[in-house]
Structure formats: structure tokens, C-alpha cells
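Turn these sequences into a full structure, and let the hints steer you where they fit.
Protein chains: 4
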Amino acid sequence: MSFNTFGHIFRFTSFGESHGAAIGCVVDGCPPRIPLAAADIQRELDRRRPGQSRFTTQRQEPDAVKIMSGVFTDEASGQPVTTGTPIMLLIENVDQRSKDYSDIKDKYRPGHAGYTYDVKYGLHDYRGGGRSSARETASRVAAGAIARKVLDHLLGAPVTIRGALIRIGKHPIDRARWDWSQVEQNSFFSPDAGIVPVWEQYLDETRKAGSSAGAVIEVVASGVPAGLGAPIYGKLDADLAAAMMGINAVKGVEIGAGFGAAELSGEENADEMRMRDGKVAFLSNKAGGILGGISTGQDIVVRFAVKPTSSILQHRKTVDAAGHDTEISTKGRHDPCVGIRAVPVGEAMMALVLADHLLRHRGQCG
Amino acid sequence: MSFNTFGHIFRFTSFGESHGAAIGCVVDGCPPRIPLAAADIQRELDRRRPGQSRFTTQRQEPDAVKIMSGVFTDEASGQPVTTGTPIMLLIENVDQRSKDYSDIKDKYRPGHAGYTYDVKYGLHDYRGGGRSSARETASRVAAGAIARKVLDHLLGAPVTIRGALIRIGKHPIDRARWDWSQVEQNSFFSPDAGIVPVWEQYLDETRKAGSSAGAVIEVVASGVPAGLGAPIYGKLDADLAAAMMGINAVKGVEIGAGFGAAELSGEENADEMRMRDGKVAFLSNKAGGILGGISTGQDIVVRFAVKPTSSILQHRKTVDAAGHDTEISTKGRHDPCVGIRAVPVGEAMMALVLADHLLRHRGQCG
Amino acid sequence: MSFNTFGHIFRFTSFGESHGAAIGCVVDGCPPRIPLAAADIQRELDRRRPGQSRFTTQRQEPDAVKIMSGVFTDEASGQPVTTGTPIMLLIENVDQRSKDYSDIKDKYRPGHAGYTYDVKYGLHDYRGGGRSSARETASRVAAGAIARKVLDHLLGAPVTIRGALIRIGKHPIDRARWDWSQVEQNSFFSPDAGIVPVWEQYLDETRKAGSSAGAVIEVVASGVPAGLGAPIYGKLDADLAAAMMGINAVKGVEIGAGFGAAELSGEENADEMRMRDGKVAFLSNKAGGILGGISTGQDIVVRFAVKPTSSILQHRKTVDAAGHDTEISTKGRHDPCVGIRAVPVGEAMMALVLADHLLRHRGQCG
Amino acid sequence: MSFNTFGHIFRFTSFGESHGAAIGCVVDGCPPRIPLAAADIQRELDRRRPGQSRFTTQRQEPDAVKIMSGVFTDEASGQPVTTGTPIMLLIENVDQRSKDYSDIKDKYRPGHAGYTYDVKYGLHDYRGGGRSSARETASRVAAGAIARKVLDHLLGAPVTIRGALIRIGKHPIDRARWDWSQVEQNSFFSPDAGIVPVWEQYLDETRKAGSSAGAVIEVVASGVPAGLGAPIYGKLDADLAAAMMGINAVKGVEIGAGFGAAELSGEENADEMRMRDGKVAFLSNKAGGILGGISTGQDIVVRFAVKPTSSILQHRKTVDAAGHDTEISTKGRHDPCVGIRAVPVGEAMMALVLADHLLRHRGQCG
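Protein chains in written order, with this note's numbering: chain A, 1 to 366; chain B, 1 to 366; chain C, 1 to 366; chain D, 1 to 366.
There could be a bad hint or two in this list.
You can't tell identical chains apart in this list, so a pair holds if it fits in one copy or across any two.
Stated by the list, open to error - As a list, the in silico SDA-like pairs of lysine to any residue whose alpha-carbon atoms are at most 20 Å apart: (1) 317 with 272; (2) 331 with 58; (3) 105 with 74; (4) 331 with 267; (5) 279 with 317; (6) 317 with 278; (7) 66 with 19; (8) 149 with 79; (9) 170 with 267; (10) 105 with 272; (11) 149 with 362; (12) 317 with 277; (13) 105 with 79; (14) 66 with 18; (15) 331 with 265; (16) 66 with 22; (17) 66 with 21; (18) 331 with 320; (19) 149 with 34; (20) 331 with 51; (21) 208 with 196; (22) 66 with 92; (23) 66 with 93; (24) 279 with 320; (25) 149 with 225; (26) 170 with 260; (27) 66 with 94.
Calculated directly from the structure, the hints in this document are not laboratory data.
Right under this line is the structure:
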């Protein structure tokens, strides 16, 4: 069962609500003797941290992570390393603004999980979205940082996992201008510097209109060896699809040519092969690096679509918990485009799936 | 771990290769006392069976299913019912044409899993695709037929799960002409009678050109109660994404508005709510019936894209197992559009995910 | 996989080392709307807490538990209740005496996990036993306290789970004097007041000799309904055996007549049945409340044997990490009979297994 | 969840009832390229097969196993090898004697699972015990035969797993006469030739009295490397305890000194260590080869107790399904001492647990 656990061998269990004492996770199955310091994790968390531009929520959360177990100082190197036992990561909540939730707590936000939580559990922690808050994704980014270390350490060569925002609303990037070095240079993780002013203006207008915007993210993993995955139900692409679809607000996932593959002919779609320097090389990558649920050695390419957040100022028709028709307008500090901060989350999920599949492969085929 | 097992409480483990003795599966966790006869399963298998039109493979497989365990005659009713113990379903392979595989066994088909299987396992059963053959999906359809019985029986009201082909290649249906009653009236599971001649001509041309075509399938589940799912990693939509992405040749999955949601504004995307006859009603279904990973009670709407099959007559550049450049042309009896027979498979995966989530919900929230 | 996770639907993942910052666990799959306050958990932890008599370790740990997530104040009752989301329990380590471990860190204690951890992981946190310390069992007792609440709440009637120490070394209790009310009246959880002075003298001598003593614990659950369990690999007795054998230092587990059953005849062993007040009653309980892996409705009776701790003052032959023969004598604050504090741990494991099986049963057979 | 599945990476799912069409299992997660022929499995099945002496059931079952999937002829060697995909093993039931079950089907056998199955599932297949029949253990022996191949192949050196019957009723063997070569020379798997005539007479008397006898089995695995296991909930000893307790009719399990450890002093119990030829050697094996849930490299020693079968001729008080007091006498072909045929089953479970842990270890610690 996997209510709040992700992965099989390299696995983590997440806990915590948006306005509770803390969030965090327990990473289990991590191989031993991998160098790991809190700074390795903090670096990734800082990329996801809110309040870094006017295009994300203004909530001020340092998101400072503490490693509470599973790491010990190696005598030989004097460095902290993993011990093979569970690594608990704790992130205390700091900016739980003592706002009045009385308006919102009895009304269901259209498009928000509050309604379904109430139906399922009979109650929910409505403060800041509680468990359904995107704040939970900090745990995934933290666990993902460890997954990156595992991949690099076990493979003996870096696996590069990079994400980029490739669309906001009706404004896609120009892929001809793709430049990975731009991604960390703007507030949007955009690989296309040219689209940045367009997005800035668009989001400023969106915010002024009390609305919100959707987005599309692309995540690419380079350096993944061929052979990771499984043939039927533990397929690498199926696991990636679940990982990405499980990120808050995601409504679509595709691999390689994705939905576009449906419009291609068989000869356009199938990536031809040639020997290059004694190794198999593909002449294209429509497959997105996965065939039959198993990695080919090419870049693994995943895209996912994020809907616009449901927390908007505009007045919307809804119902309340007592069963009356009413209207709602959601105030508070919300991301006008939650897709932006989903970029490091997508990268983390890619790392988590790959680390788990690497360990699974070693287990069965080692 | 889930190499070949799908689901958590209602789960099944599949086995078998395309040209081995048999394929089938073991369904475990099925509740007891649910009426189940082989005919209930055969009906669904017959919809997926090859050789029913010139647009699917000409392999002649009766796909006759036998229930080998887990069912017993109830004394009160005199009818066979499930006992709560594992249900083994066996489908013997009949038409394993003794063709000569010597051409193909040492060459990798571009876009096919043969290469990745070889990298992963060091060998593979190349006859007819072996384990990676779409033939394995018969097991899913068989298990899915039991899942449908579980849903109907436990909910006391039918859950209607219907699939339709909505695009072949560059030819989408006209959604304005959608008519569910048409789906079983043509060779394509098309809900739009008007597109049928277009697809017929297109696939005839595709076959003549030695090529193949992709497709998009939509599966809709009606009658699913609100509250199924889980908040973080066992999300209903994440499980559906894995289920559909795990079908052979699938490259993209979306729920509700899907990738289109990225282009909507917050107010366009969030489905407003109103009380209707004392119950919550939604004024639209952009969410595709799922919010926060939990069902809303609306129709659950999933779409997935199927790539064109890689088994084509056209000559393609490839390499062989000995590491030489070569060319390949795949003869044999292949579906020119594997998307067609993916329709009942998509329905089955929907049924399997929903049955498992219904049992999981009963477990945790009773 | 279950490196550090126990259970299937009601499951928990434990973390932490003896001398790290904290220990604790994440309880997942707990049903919603069950009243739960920290005091409910603290009460059980206090029964296991060290330093309460001269017969347990003198380490002073308050073992104060904090509920960090998964509980919310129910508006109707004003009481904290579970929300169905993960419950993180945190127990900070306080008395990590800054002793010098230089003697012990390079020598393997005979009978201790230090050697096997080193072989498996290539290093281990040797401070106070690290992850292999019995201190980890506090997490189990904490999770078990929640399991008790789940059982009582869902069944609507109390399930009484009680443990007792029935042997120390060569000194068994007299079962004819069994009195549950005595258990909380002495330092040993003994149901036989008469044995207490014998054990006191025996353990005083043991400690003086720099030695340690083994023990046998019996745990009984009353009020468990018939029908919990599963027929083959998720058998209730198999899960109980794993649960008890997984407690530190346990070397044997038996159910009902246990090893004694091997010496009985078929007619002595099989519990005869009679109708009593319209319900099935058993005339004896050799089965220990379980037949075919499924509960009968009788008391569930489990016993387990705890070996004497390997941390003793007596000098023992051993080797060091550098591969030299040497001797070791373990100083420090150790329980002379770890079996005593295993009593509440055994109760907790019983509660955890039963709660999980109750939810599993609801899931499949609801 | 594990209703009918055992293991994590090397796992198998069993199916079938005593008097259904067939029994068998699907082995999943088996590494590829391991030589495997049906004869490798048949050899083990033949050791468990009924009807080989007057001390086991007279049911005549050839127990002929067919490998239905997951094996393919390796071109290099011309031998059948595993492919890494699921291996389905099918054993058809032959001797389903068409006896009249009308006597027994409405009466509960004291000590038998019929009652608990009925309570749990609302019905059960009563023919020959249905799913609860010891016949299901043939699937375990078959899967265990593959597990043995995995161990030997991956370790590159044989792991020897041997079982022996060490007690029937009140008659234990004399351990001083232990001779492994005797085990396959008598009808009891006894390592002590001297006890054989005693047991023969005892069981003849038992049968004449319409009664049955219990037994104790010991299983020893030699050649297991140190380091297999996990620290907390996937402990090697906990998994062995579950494996053995899950065998039909088992009521107790112990490792190494077992229950006897409770009576030892710390210095008697802890196995001292010395360097021998540059390797760690233990001076005794009270631990039974496991410390802290992880293998030490010594022999792994497990014992389990089997109760006398509940299917006896003697008249016993019971109730019927309609709720009336009645008596029962079980005719039919039953083992007077089910413990005898439990010997190969215990070996198989040992092999299955070890193979799974070997793969788990490779996965995490590679």
C-alpha cells in the first residue's frame, strides 16, 4: 500500500500539514556510505523555496532541513555518510500566519481538494490546505536530493536531471532558443530568455485580474544507463507517470513524443539505431529514452501539465459544508502560477524514480 | 515491488509470453461471494480478440479463458461465486505460427522492446515479442472483467466503464457527434460514426505503405462514488496514470482537461459547485472527476496516446546483437494500429484501479 | 519492501538511533476521526520507560512524545482526532551520556549486532547500539498505542491486550497463581506475585556477577472478533510470529500450545466446539485463537523468548575491526534482563498486527 | 499486501485448491540467465509427494510440474534458462476422489480452518480442505526449488539447505546420533536411524487409535554469507519466523538456542569470536546464524513445531453450520503425522527467504 510512501527499495514516507508543526519525510532503503550533508539537501530546497520572486507565494519559509537520523561520521574521511538506516528529514513550519480561516473553512473552493478530503475522511485540516498543500512537495525535493546522491555515487558518473518551464498559459517557449544555462537566471526556470518578459507581463496581469495560470514543465535526465525498468507493471515510464501525476495540480504526463506520437507514422516514430564508437546510438529520441518500460540509455524526457491554482480572488459559485449554495473568493498568499515551483519538484520525482529503479535493477539483475 | 503485479488489495499477477504455452494471471484479494462465471470474463476478452476485422492482426486466437481456482458453487444459489482465495485465469496460446524467426532474432526493431530486454536481462524470448507482446494485455482484460463485477457488487449499483477511440493518426473524431451506442457498431470502437470511413481509408493506405498509425483513447467511468483515492502517493489519478502508461505503446496520459488545463485561467478551470436535490453537483468537469487525488463523484475521464507500432514492413536502419549496422523490415501479422485493441485494455485498467481503490477505501475509511 | 516499515494498511515506519537527535515513527493508514491525544501514547511509553527500577537500565529518558502531524481538532467535540493522514511521532533523545566509546567501537561484542551491521553496511553508528538499540522499540510502543485506539474505536468494544513476564532464566512463574491485576504491581510485569522475590534475588546476583538473564513473555488479546487473518501468506499467526521475532533479542515465538502441541495427540490438541447462548464456544484454546491463519474469536495467545543481553561486564573473547583476536567487557548502563521491558513492546506488536488485520479484513471482506 | 504472495524481490504468488483443477504459483523477480529445467523442480516435489510410505496420506498425486512461462532456450548453451519474467508453475490435480462430502461439509472439524474460513468469507471450498489443504505447500516446494538455483547461481557456491524431523509426539531424536546421510534413507527424514523403529511403531499405534501425532522439524542452511537481512522490520529471523509459522499446522518457531536461550546466562548465550585463517570464526552458534536480524555467516538454524492434524477418526464434539451441537469423525486419506511432509516444505521456505534477502541485499547494498 502506498498512501504516503513512494518507491520500493529506495522509498520515502512523507508527513506533515501546511500549518502544522513541521513537515518532512523518512527516506528508507538508501544504500550505506554515501556522503550526505544537510547542505546537499538545502541546496535543492532553496530552489523550490517560496518568496523568491513576485511570481510565487509571499509566505516566508526558510525551509531549513535537519537530518535527524541515518547519517554518521565516517572515521576514514571525517565526513558524514549514510548508514543504510532510515534518514529522517525535518522541516519546521515557521510562517504559519495566524489568519482567520473562518471564511474559508466551511466553504469548498472549486477545484480544490478540500471537498474530496471532507467526503473521504469526514474532516480535514483546512489551514492553508493542510495535507493537500503544495507545501508537502518540499519533502519530495528533500528526498530527491538524496536520490541524486545515490544515482551519482552508485553509477560513478553524474546523472544530470534538469527541469524547465516550457509554457505558461497560452505562451509556450520557443524550443529553438533552448539554453539550459538560462534556467537558473530567471524567476521561471525558463530555458528561453526571450519568453521571460512575456511571462512577467502575463502573470502581472493574471494577478491583477485575481486569476491564476497553468503551465507545462519538461524534465530531462541524462546519463541514465540502459536497462532500468521492468517489463509489465513496474515499467519505468509507468512509474514516472505516477510520480508526475502525483504532484499537486498535475493533469497530464507524457514521455518523449507523447501525445504527438499518435499523429506520427510508424517510420517517423521509431528511433533508428546505428553503432557509434562501438556503442549503440539512436538517430532520434521519439521514445523519450524508454522502450518497453526499460531505459534505452538515451535522455529520459518527461513533460507534465499543471493546472492553474484554484485559490483565486475572483468570486466563484460553490457550496458550504452545511449544504447551501454560496460564493467564495480566496484571499491569502498564493502562487499565481504553481507550475513555476513545480520544476524542482518534477526533477526530484525523476531522481526518486530513477534511484529506486537503479536499486531494483541491482536487486534482480545486479 | 511490482514487476508483474498490479494493485494493492485487489491485485493481479500476470504471466506468459506471446508464443509460450499460455498466458494468464492470478487475481488475489478479490472479495468473496461475488457471482463469477467464465462467460463474464470471456465477454470482455472477445472484445479485445484479434482477427475480428482487417484492421487488427490476423493471428487467430480464440482467447478462451479457464477459471482454474478461487471459484466455488454457492449452495444457496447454485451459482459459481468467488471464495476470497486466488483466482487463476488461464488462456492457452493456440496460433503460435511456427514461422522462422531467424531474420528478426538477431536484429533490433527500432522502437521495440527487444533491445532494452536484451540489455536488461541478457536475453529475451524473441518469438512474437515474447513477454513484451501486446498479447499480455489479454490478462489485464480478463482481470478487469472481475474488477467490474467487484465494483458493481460492492457498490450495489453499476459503475459504467466505457472506452472509445477518439483519434487515429491526424484524424480525430468530431466530439459533437459523440454517441456511445456507436462504439460497438464499428471496427474501431469509435463513438463518431462519421469518422469511420475516413479511418478505414487511412488504415488501408497505411497498411499498403507498410507503415502503422498511432491513436488516442478515452475511457470514462460513471457511477464512481466520491472519496476514492489517497492524498499523496496513492492518488487515484497517479494510479490511473501508471495504469494507462503501462499499457504497451502508450506515451501520454491525461485526466479531465489534461494538457489543455495549462492554457486555461483559474476561473475557467475550477469546476463550480451547486446543490442539486440535496446533493453536491458540479457545473463542469475540467477535473475529470478527481481533486487532490480523490474522486469527486463526477465521471472519471482519462485519455491516453498510443504510438504507431514499430513492427512495420518499411526498411529501417538498425543494429544487430553482434554490434553491426544493418537494416530491418518486419513481416508477420501485426496490427497496423495497436490503438484499436487498446480500448478494452484501457477500460480494464480503469476497472482494476477503481476496484483496488474501493477496497483500499473500505480498509482505511470503512 | 519492509526494511523499516511494519504493516500493510495500518503501517508505520520507524527512524532514529540510540544516541542521535531523536527517534520516532510515521504511522500511515490510520483511519480518520479517532480521538487521539499525546497522553494516550505517553501512557504506554511510560510503562516501557527505562530507569523505573534497579532491574532496568539507569539511562534517564523521559521519552516524551510529540504528535507532529495527522491530528486536528474536531469542531464538534473540541477534541483532537486523527485525520487519516500520516501521524508523525517524535521522541527526542535526552540522556545521550557523552561517554567515551573508544574502547568498544573497534571491538565486536559477542552476540551483538555490531558485527553484522559492519559486514552489511560497511559501518555503523556504534553509540549505544545505534539503530540496533532496544531504544528503537519506543517507536513501536508509541505506534502500538494508536493501534489500540483504532481497534477499540472500530470494533466499538475494547480489545484488551495484556502482556506478562512468565519466566526469568530458570525461574518460571506458577501459572496457577496467575493474576492479571498483579502485573502492574511489580517491577517485572509478573502475574505471579510469588515469583517476584525470587526474581529480585536472581537478578541482583546476575548483576553482581556481571552477567545477564533471558526471559519469556506471554501476550494475550481478548475481544478480537473471528475472521481476522488470511489463508496463506498473510496469516495472522505468521504476521504475529514476524512481529515478535522482530523484537530485539527474541529467539523463539509460539502460538497457543506452541511447541507443546508437537507432543499432544490429535484429540488432545483440537479444541472441541459447542453452541453457547447461540454462539460458537470452544471447550479449550490449544489453538491460541487462530486456525488456518484466521482468528477464531477466542483469546489470541502468543509467547516469545528473549535471550540474555550480550552487553555484559564479564570478559569475553572477540575480534576487533582490524581483524585481531582480543577480549571485551561491556560497561555502561544496560538492562540485566531486557525481557522485562519487552513486555509492553510485545503488547504493542500485538496491537499493531491486529489493527492492520482489522483494516485488511474490512478492505477485502468489509 | 500479501494475502497469497510471499517475498519482496524474489516473490511468488500461489493459487489453487485441493480438489480444484490445479494448483501452482507464479514466481516473479527471478534473476535472468539461471539454468532451470522442470526436472530441477520435480526432484524437490518428489520428496514431498504423498503416498510414498504408509505414514503419509494414500492420495496418489504424481505432482507433475509444468513450467508454463519465463524460461527460454539459451542459444549459447542450448539449455533452458530463466528470462527474468514471471515463471508460472502448474501442477494439475489428478486424484480428486469423487467422495461424498455431505457428512463433513456442514460440520466444523475441531482444530480445522473450515470454521474460520466460513466466518471470514461466508463460504469455503470444503472439498479436501480447499485452499487450506496442505496440498498448497506443493507450490512452495516448487518455488523453493527455483530459489535454491538462484542462491547457488548468484553466490557461485552451493548453499546447502537441509531439513530433518527431530521429534514425533513424545519421541525426540538423539542429537548425538545426528547423521545427515540418514535423512533420505527413511520414511521420516530422520537424521537418527535409531529412532526410526520407535516412530514406526508409534505411528502405527496412532493410526490404529484413529488419532494423529505432532512433530518438530529443524532446517539448517550452510554457506549463507554474512550480511543478509535488515535491521528492524525486514529482519532475516522475523521473515523466517513468518515463513515457518505460515506452514500449515505450525504453532511455534525458534532460531538457534530458541526458547532455551531464555534459560542461559549472558556469557553462555553470546557466541565468542576468534580469527581463523584471516576470517572471523564463532566458537559456538547459539545465535543460529543471525544477530540483529542479519546473517553472521554461520549455519542458519530454524526449528518449528507442527501440531497433530485435526482430521482424525475419533469422535469429537463440534457444531454444524446451522448452529447445532453435533459430533464428527473425519474419514478419508489423511497424514497421521503431517510433520513428516513438512520437512521439504520447511527447506523450501528457508530457500525462498534466503533468495529474497540475497536480492534485497544486492538491491540496497549491492
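Each hint tested on the structure:
Taking the shortest Cα distances, residue 317 and residue 272 sit within 20 Å of each other only across copies (5 Å), while inside one copy they are farther apart (53 Å). Taking the shortest alpha-carbon separations for residue 331 and residue 58, only the intra-copy value of 13 Å comes in at or below 20 Å, while the best inter-copy value is 55 Å. Taking CA atoms no more than 20 Å apart as the test, residue 105 paired with residue 74 passes between copies only; the shortest distance there is 12 Å, against 50 Å inside one copy. In this assembly of identical chains, the alpha carbons of residue 331 and residue 267 lie at most 20 Å apart only when taken from different copies (14 Å versus 52 Å within one copy).
Taking CA atoms no more than 20 Å apart as the test, residue 279 paired with residue 317 passes between copies only; the shortest distance there is 15 Å, against 60 Å inside one copy. In this assembly of identical chains, the alpha carbons of residue 317 and residue 278 lie at most 20 Å apart only when taken from different copies (16 Å versus 64 Å within one copy). In this assembly of identical chains, residue 66 and residue 19 lie within 20 Å of each other by CA distance both inside one copy and across copies; the values are 18 Å within and 16 Å between. Within a single copy, residue 149 and residue 79 get their C-alpha atoms as close as 14 Å, which meets the 20 Å cut-off; across copies the closest is 41 Å, which misses it.
Proximity of residue 170 to residue 267 under the C-alpha cut-off of 20 Å is restricted to the inter-copy arrangement: shortest distance 15 Å between copies versus 31 Å within a copy. Taking the shortest alpha-carbon separations for residue 105 and residue 272, only the inter-copy value of 17 Å comes in at or below 20 Å, while the best intra-copy value is 56 Å. Taking the shortest Cα distances, residue 149 and residue 362 sit within 20 Å of each other both inside one copy (17 Å) and across copies (18 Å). Within a single copy, residue 317 and residue 277 get their C-alpha atoms only as close as 63 Å, which misses the 20 Å cut-off; across copies the closest is 17 Å, which meets it.
In this assembly of identical chains, residue 105 and residue 79 lie within 20 Å of each other by CA distance solely across copies; the values are 17 Å between and 48 Å within a copy. For the identical chains of this complex, residue 66 and residue 18 are neighbours both inside a copy (18 Å) and across copies (17 Å), given an alpha-carbon limit of 20 Å. In the homo-oligomer, the alpha carbons of residue 331 and residue 265 lie at most 20 Å apart only across protomers (17 Å), although the nearest pairing inside one protomer, at 49 Å, exceeds that limit. When the C-alpha separation of residue 66 and residue 22 is checked against a cutoff of 20 Å, the pair qualifies both within a copy, at 11 Å, and between copies, at 11 Å.
Both within a single protomer and between protomers do residue 66 and residue 21 lie at most 20 Å apart by alpha-carbon distance, with minima of 14 Å and 10 Å respectively. Taking the shortest alpha-carbon separations for residue 331 and residue 320, only the intra-copy value of 17 Å comes in at or below 20 Å, while the best inter-copy value is 62 Å. In this assembly of identical chains, residue 149 and residue 34 lie within 20 Å of each other by CA distance solely inside one copy; the values are 7 Å within and 32 Å between copies. With identical chains, the CA atoms of residue 331 and residue 51 are at most 20 Å apart within one copy only, with a shortest distance of 17 Å there and 53 Å across copies.
Taking the shortest Cα distances, residue 208 and residue 196 sit within 20 Å of each other inside one copy (18 Å), while across copies they are farther apart (47 Å). Taking CA atoms no more than 20 Å apart as the test, residue 66 paired with residue 92 passes in both settings, with 9 Å inside one copy and 14 Å between copies. For the identical chains of this complex, residue 66 and residue 93 are neighbours both inside a copy (12 Å) and across copies (15 Å), given an alpha-carbon limit of 20 Å. Proximity of residue 279 to residue 320 under the C-alpha cut-off of 20 Å is restricted to the inter-copy arrangement: shortest distance 12 Å between copies versus 62 Å within a copy.
Taking the shortest Cα distances, residue 149 and residue 225 sit within 20 Å of each other inside one copy (16 Å), while across copies they are farther apart (28 Å). Taking the closest pair of Cα atoms, residue 170 and residue 260 come within 20 Å of each other both inside a single copy (18 Å) and across two copies (10 Å). Taking identical chains as interchangeable, the C-alpha atoms of residue 66 and residue 94 lie at most 20 Å apart whether they share a chain (14 Å) or sit on different chains (17 Å).
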